Amino acid sequence: MRESYTAAVERNVVLTADFASEPYEAAWADEAIFFIRVLDPKPRGKLRFTAEISPDGMRWCPEGTVCELSEGETLGFLRLKHFGGWLRIRRLDRIKATPKVIVYLNLK
Amino acid sequence: MISNERCFDKFEPLPRIIYHADFDTGYNGFTETIGNYEGTLDEIIPEMADFRPPQLSNRPMWDTGTAGSLDGTYALKLATRPRKGSVAVCTKRLTWTKLCRIRMETWFGYKSEASELRLSETDVRGFGFLLDLQDDRLRMLPRVRYLNARNGEKIGKWQVKVDKPAKRDIGTRGETVSINHYADEGYADIPNGQHEMCGNELASKMNWHYLAVTFNLETMRFETVRCNDIVMDAGMLAPFEIPIMPNLRGLLNTIFFVETDVDKRAFLYFDSILYSTEG
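Just so you know, the sequences run in chain order Z and W.
Under this note's numbering, read the first sequence as residues 1 to 108, first letter to last.
Under this note's numbering, read the second sequence as residues 1 to 279, first letter to last.
Okay, chain Z solo, but in the shape it has when bound (with noise of 0.2 angstroms):
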């Protein structure tokens, strides 16, 4: 049977100006989607993400995928392939917004 797995990577936290999520190693899966589920408050104006990749966990480049969240939008994703070992996502927008997220990275 094909491995998968959803890991809960941030729930419940404050979207900060630099919000980068905890590094997570998927060195043993092929595909990767993100979901970024918007809780409270609803922000005015739209939400930027993108995916970052590591040799390290420590040292990030952007790899080049980008989330964009609407105003009103609660939920989004970002779907990745060929990535490397590790992965996490960072907000790109300069809205003055800091809502509460979930955010979940599906492996498989």
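There's no promise every hint is true.
[Stated by the list, open to error] Listed next, the in silico SDA-like pairs over lysine to any residue satisfying Cα-Cα at most 20 angstroms (straight line):
(1) W:K92 with Z:I95
(2) Z:K100 with W:E38
(3) Z:K46 with Z:I95
These aren't lab readings, by the way, just hints derived from the structure by calculation.
The model shown is predicted, which means the values in this text are computed figures rather than measured ones.
Assemble chain W onto chain Z, guided by the hints.
Positioned in the frame of chain Z, the structure of chain W alone reads:
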């Protein structure tokens, strides 16, 4: 999948093997733990809201690349946040089938994140194993911990938690209570339980150790705690008890945790875990 016909040679189980988790085959049902809540996640005791999801790691190091596991590539990894006092916890949830002697064995290792060019051997505060269990008599959360270091001082001793944490009401429906039994307090030292682990010269090197914890579900006491060649008798230390709770009869969770003592991630790795019982 990597199969290893000799996998049981490195364990000394009781007669009935309930599970063997070799993390080259996946997560094997280990999941993140969090505190209780009723209507909203905001109700979780803050210290129990963020116990971090376990990971499958091939143990990559920035200087030497992949270290792998004891007999394969992948290990289960617990990682705290880089914040002093952060705790990471994973659980496998099952139930007991007989009140008898049980044994948890694992080949494990621990390190802090190799983000500094120094040994960092006092970064990890401690790590340990606990059961969350209930029978018709009582509920108990018996745990052993290796207290590695505190405030930059190496300590290196095994302990049992004996003081009962305070019960805290959460939510508004009165269905659930919670206790923060992961706090860094309430432990008693196991006699002759002080010994050094192999830290091995560099922050990026980690050596596997063997741990076997034997607990008796009939007497509700630990019996022996063995780490490599060190065998300790923990039978005289009574783990704290709490009153039985509704809908938990038969509960037996097997739980591992790691704590960081500095603003740096603490890692606890498991090559494999074997849980066995006497009957």
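Task: Hints not upheld, ascending by number - done: 1
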